[in-house]
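Make the full structure from the sequences, and use the hints.
The primary structure of each chain is shown beneath.
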Amino acid sequence: AQSVSQHNHHVILSEAASLELGCNYSYGGTVNLFWYVQYPGQHLQLLLKYFSGDPLVKGIKGFEAEFIKSKFSFNLRKPSVQWSDTAEYFCAVNAGTASKLTFGTGTRLQVTL
Amino acid sequence: GAGVSQTPSNKVTEKGKYVELRCDPISGHTALYWYRQSLGQGPEFLIYFQGTGAADDSGLPNDRFFAVRPEGSVSTLKIQRTERGDSAVYLCASSSSSGTGGWTQYFGPGTRLTVL
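Protein sequence lines correspond, in order, to chains A and B. So the first sequence is residues 1 to 113, counted in our numbering. So the second sequence is residues 1 to 116, counted in our numbering.
Worth flagging that the hints you see were computed from the coordinates, not collected in a lab. Since the model is a prediction, treat every value here as computed from it, not as a measurement. For glycine and all other residues, C-beta sits at the position ideal for the given N, C-alpha and C. Heads up, a few of these hints could be off.
Listed next, with one range per pair, are the computed distances between beta-carbon atoms [what the hints assert, rightly or not]:
| id | chain 1 | residue 1 | chain 2 | residue 2 | range |
| --- | --- | --- | --- | --- | --- |
| 1 | A | Lys61 | B | Asp63 | 22 to 28 Å |
| 2 | A | Ser70 | B | Lys78 | 42 to 48 Å |
| 3 | A | Ser80 | B | Gly72 | 26 to 32 Å |
| 4 | B | Arg64 | A | Leu113 | 35 to 41 Å |
| 5 | B | Glu71 | A | Ser5 | 27 to 33 Å |
Not the full set, but computed from the structure, chain A residues with beta-carbon under 10 Å of chain B [to be verified]:
| id | residue |
| --- | --- |
| 6 | Lys49 |
| 7 | Ala87 |
| 8 | Phe90 |
| 9 | Cys91 |
| 10 | Thr105 |
| 11 | Gln110 |
Printed below as a string of structure tokens:
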């Protein structure tokens, strides 16, 4: 069975600080990896995804993530956060094609001015 | 439509009652998924349809939960004899293999179910 761990439950940063959110997964086969974001009062939106190829993937709003297969990790990064990045961030994995997503418990990011 | 839509946005019911939650996927998406999200948790998988058939229903918690997708588009999640523990946000997502999306799941706004 798949599982996803997000180590940081609540992160508080000042604007312009750098961000790294951890995500580790447990699954023995080929995986697809995702980061979704949920802004206050809005629905889940796709931030970025990794299917294959270059392990460094770039998403919307300046976010990027690196897949490190040997560490079963897919950490999310942003060099300089903005107040508008305040949201909940979810890492998710599936076993390919159209299968179900397994989500982590989420990280709440609060960016202060 | 432009995105996944779900109705109602909020549903309050009494313990023991029956509820139906509706999901309208992105036009042309063949795969449809239901998830449940409790406070402070990530979404948990319930069931997934490919076309009209349930391809994976391993996440349904018990036989009070049932979902249909009779024409391969709109889906209804049905909960019988609701319990207070069923209170959560029920999310629907859809995906397809076409384009560069490659089965990426796109989520609707959810239905917040409260069982009193």
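Against the structure, the hints come out as follows:
no.: 1; hint: Lys61/A - Asp63/B: 22 to 28 Å; in the structure: violated (43 Å)
no.: 2; hint: Ser70/A - Lys78/B: 42 to 48 Å; in the structure: holds (45 Å)
no.: 3; hint: Ser80/A - Gly72/B: 26 to 32 Å; in the structure: violated (45 Å)
no.: 4; hint: Arg64/B - Leu113/A: 35 to 41 Å; in the structure: violated (47 Å)
no.: 5; hint: Glu71/B - Ser5/A: 27 to 33 Å; in the structure: violated (39 Å)
no.: 6; hint: Lys49; in the structure: holds (6 Å)
no.: 7; hint: Ala87; in the structure: violated (14 Å)
no.: 8; hint: Phe90; in the structure: holds (5 Å)
no.: 9; hint: Cys91; in the structure: holds (8 Å)
no.: 10; hint: Thr105; in the structure: holds (5 Å)
no.: 11; hint: Gln110; in the structure: violated (15 Å)
Violation of the numbered hints given earlier is confined to hints 1, 3, 4, 5, 7 and 11; the remaining hints are satisfied by the structure.
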